[in-house]
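There are 2 protein chains.
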Amino acid sequence: MRTELFLSNPVCALFGIRVPVISGGMVWASGWRLAAAVSEAGGLGLIGAGSMTPDVLAHHIDRARAATSQPFGVNIPLAYTHSRDHVRVCIEKDVKIVFTAAGSPGLHTARLKEAGVRVAHVVPNAKLAAKVESAGCDAVVAEGTEAGGHNGRELLTSLVLWPSVVKAVQIPVIAAGGIGDGATMAAALILGASGVQLGTRFAVTRESGAHENYKNACVAADGARARIYNLATMPIRSLSNEYVEAFTTMEKEGRPTAELDAFRGRGRSKAGVFEGDTANGELPAGQVVESIDDVPDAATLMERLVDDCHTAVYNLARQEERQ
Amino acid sequence: MRTELFLSNPVCALFGIRVPVISGGMVWASGWRLAAAVSEAGGLGLIGAGSMTPDVLAHHIDRARAATSQPFGVNIPLAYTHSRDHVRVCIEKDVKIVFTAAGSPGLHTARLKEAGVRVAHVVPNAKLAAKVESAGCDAVVAEGTEAGGHNGRELLTSLVLWPSVVKAVQIPVIAAGGIGDGATMAAALILGASGVQLGTRFAVTRESGAHENYKNACVAADGARARIYNLATMPIRSLSNEYVEAFTTMEKEGRPTAELDAFRGRGRSKAGVFEGDTANGELPAGQVVESIDDVPDAATLMERLVDDCHTAVYNLARQEERQ
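Protein chains in written order, with our numbering: chain A, 1 to 323; chain B, 1001 to 1323.
Just so you know, the hints here were simulated from the structure itself, not pulled from any lab data. Any given hint could turn out to be false.
[As the list claims (entries may be wrong)] Partial selection, computed: residues in chain B whose CB lies under 8 Å from chain A:
| id | residue |
| --- | --- |
| 1 | Leu1007 |
| 2 | Ser1008 |
| 3 | Gly1106 |
| 4 | Leu1107 |
| 5 | Leu1128 |
| 6 | Glu1146 |
| 7 | Ser1158 |
| 8 | Ser1164 |
| 9 | Gly1223 |
| 10 | Ala1224 |
| 11 | Lys1252 |
| 12 | Gln1287 |
| 13 | Val1288 |
| 14 | Ser1291 |
| 15 | Val1295 |
| 16 | Ala1312 |
Think of the CB as a built atom: it goes at the ideal place given N, C-alpha and C, for glycine as much as any other residue.
Please put together the full structure from these sequences, using the hints given.
What follows is the structure, given as structure tokens:
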């Protein structure tokens, strides 16, 4: 694996990793197995707390620690019920890296920092990125609208968002949204990001906790099938299926929010991602499914990402020699 | 101006230009003055036929030819009434480069090619890109959803679309949507594009035919204000204003298409872009307004783009030396 692009990389320095590639915290997909595999391969694996009770999270932290001696972290979506307890568990379990998302960076950052935790927070716009820096976070994840799952209302694409966030803050910027291979990783670096976070691409690996049906659906889908729905209440990018189409029809008919919420109900993402109900479950996925056509193991994916990133950069830089 | 990245560039070779930067055909903004300025600066300026009658187009072609000896072209949106006559005018006036959009690449390509014209066609997905190649076009423009004005229903972002189109065709790919500076141009090249087309960024230059109010609105706006509306009939990305907000409210209420069409009426983009009615006119603009904060002349913009593109590429490639 070539690493010369990362010799002075601030994300590598911050987290003590060899390559600035992070696996995102995806509900029902990012358990200890995936996190440990990514960390073992030189990146930073995150356990996704969003679909876990505090007890389950504690168990996954223990398992990850048993599986790897490399740094790993936990992703905590702040919009969920358990987020305060998730923070407590991370501190009790001496987790050294926490990514927070979907909420205010002011909520738990001070508490985590006092416990010696490195904190990054996910943002969909440059204004919030500046707040993340002010809140004392060590890094910011700039996630474009092409990303799967919960999405910002701004709908800013990665190409527009990343450089804007890079301009807005001094702390390292981790690019997310639409990254699935070495060339898109290189594009993120050239736009000023210091690292990349991949969600859907890691959800479609062997170590991902997602159901085989979910992985196969991502392999089969083109990018246009990964659409945002539920824009009024909480925008989510998911593969379109019977459920999403029915929901979208109700949205178009102007049905009241309460009716839409009731129709969505609870457990849709568990049904889709974990249980493999590809018709009636929610299948959070980014537009990057356009380029996903296999289910590699995490180490193979990491090798590909890093080598193809280097190739993309050096091939372009050497255009003038190839006359 | 540094040009070593473009010494063996296929877009430069195809059009006989020095740098693979193209100014898009924006209604009411892309007249002969802007096209000639971009071509004089080493790029490819396009006259936007969309807002012109055939007679007016003929006049703009004559003026562009008088203003520059460099290659320039015409952009013809095929969805408009006059497109067949626009093609005729281009052939009669011996225009050597035509970009077509918003319609089938099979419509006029053969007729144009027989007349010795180089043809490129704009696409929002990889499937149509393959059809563009089959239709005999010389190049394809892959335009991501962040672009201003008419938009594909797929809503694929540039980061996802560009590599997918590069993989789908052998002809040169010109990247569009979200490009406003040298770093985003470098990102397009690293993702396999051979050239870039910029719309909104060139609409906000001194030589653009757009009203000063439109240019100032783009400078003031952040990217989140450039939203897609009218998704059901013809998706258009435009700065939100009183008119767009009223339209969007009607959309959310589930009003019938005929009512929406009647409310939009005719002449909205003329009112916004040409006459400067920023409240009730349509202001087609891409998310790239996030990074637009001045109104340079076209030559200055071209210098900046090309030099910053080179800097971005070589800075990244030399990271390992900067230890």
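Numbers of unmet hints, in rising order | Hints 3, 4, 5, 15 not satisfied by this model.
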